[in-house]
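Q: Chain residues, written in single-letter form:
Protein chains: 2
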Amino acid sequence: MPSKTKGINAERELIHLFWQTNEWAACRIAGSGSSQYPSADILASNTKRNLAIEAKLTKDSSKYFSYEEIAQLKEFASKFGAEPWIAVKFKGENWKFLCLEDLQQTSNNFAINQDLAKTKGLGFDELIKEI
Amino acid sequence: MPSKTKGINAERELIHLFWQTNEWAACRIAGSGSSQYPSADILASNTKRNLAIEAKLTKDSSKYFSYEEIAQLKEFASKFGAEPWIAVKFKGENWKFLCLEDLQQTSNNFAINQDLAKTKGLGFDELIKEI
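First to last, the protein sequences are chains X and B.
If you count the first sequence from 1, position 34 lands on 34 in my numbering, and the numbers rise without skipping.
If you count the second sequence from 1, position 127 lands on 127 in my numbering, and the numbers rise without skipping.
Incorrect hints may have been included.
Which copy is meant is left open, because identical chains are indistinguishable; a pair holds if it fits in one copy or across any two.
[Said to hold, decoys possible] Subject to a maximum C-alpha distance of 27 angstroms in a straight line, what follows is the list of computed DSSO-like cross-link-like pairs (lysine-lysine):
1. Lys91 with Lys48
2. Lys4 with Lys129
3. Lys48 with Lys74
4. Lys74 with Lys129
5. Lys91 with Lys129
6. Lys4 with Lys48
7. Lys59 with Lys48
8. Lys48 with Lys129
9. Lys6 with Lys48
10. Lys48 with Lys63
What the hints contain is simulated information worked out from the structure, not anything from laboratory work.
Isolated chain X, as found in the complex:
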């Protein structure tokens, strides 16, 4: 399966998780990554909280995000009154959700490895719990 299709399927999996709660709704954003405007992969809402999510699937043990990518996610989230989140799914693991402060900053990008995802990441149920 081409990696773009895998990515879209992974995003759809997240969309299902939100709708199945009956309290949350979610949608995939078209052209994320190619639009001239800041974007995210997914927007979710329960009317009280809005989440702007960048979702990544990986077979590797670390996933990297450029400064530009994170800046765009932040700007998009702020314009929509949404919380910016990173969703990452390592092979054989469940989705983990990290806030931007928990990403590991390197000299030229941001990184999440499997350990960081396990120690700092929230599971889906924790993400949507009332805070």
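Please arrange chain B on chain X, whose structure you already have, making use of the hints.
A: For chain B alone, coordinates are given in the frame of chain X:
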């Protein structure tokens, strides 16, 4: 140009209008009309108001919306804490924005004709004015 491409270009035109204000952000929703979940074509926000928009371009003098289509837009908007709006662009005219109460209900659908769009529709500047 295929009508799907024309539709996407029309949605992009609306997205530009929102971003150009510097106060509003907007995004196109992927798979609207084909997703198994309620959806809209566009979500826009200035953090105080969220708008869920179904956008239609037409060469005809009337545009029709099925009951199902309107019900889905309503449900999506309510889940996102957004106002549901119809954006319609008749050939040679500017975008007009109508709230659902202003659509004309027929025996088996909802309709907007050019007269209705002119008398009841808001221009873009009126739509985003503080209310």
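Q: Hint by hint, say whether it matches the structure.
A: Results for each hint:
1. Lys91 with Lys48: neither (32 angstroms within a copy, 39 angstroms between copies)
2. Lys4 with Lys129: neither (30 angstroms within a copy, 39 angstroms between copies)
3. Lys48 with Lys74: both (19 angstroms within a copy, 18 angstroms between copies)
4. Lys74 with Lys129: both (22 angstroms within a copy, 25 angstroms between copies)
5. Lys91 with Lys129: Within one copy only: 25 angstroms inside a chain, 48 angstroms across chains, cut-off 27 angstroms.
6. Lys4 with Lys48: Result: close neither inside a copy nor across copies, 32 angstroms intra and 34 angstroms inter.
7. Lys59 with Lys48: Neither: 34 angstroms inside a chain and 40 angstroms across chains, both beyond 27 angstroms.
8. Lys48 with Lys129: both (12 angstroms within a copy, 23 angstroms between copies)
9. Lys6 with Lys48: Neither. Shortest intra-copy (31 angstroms) and inter-copy (35 angstroms) distances fail the 27 angstroms Cα cut-off.
10. Lys48 with Lys63: Neither: 30 angstroms inside a chain and 34 angstroms across chains, both beyond 27 angstroms.
In the structure shown, a violation is registered for the earlier hints numbered 1, 2, 6, 7, 9, 10, in ascending order.
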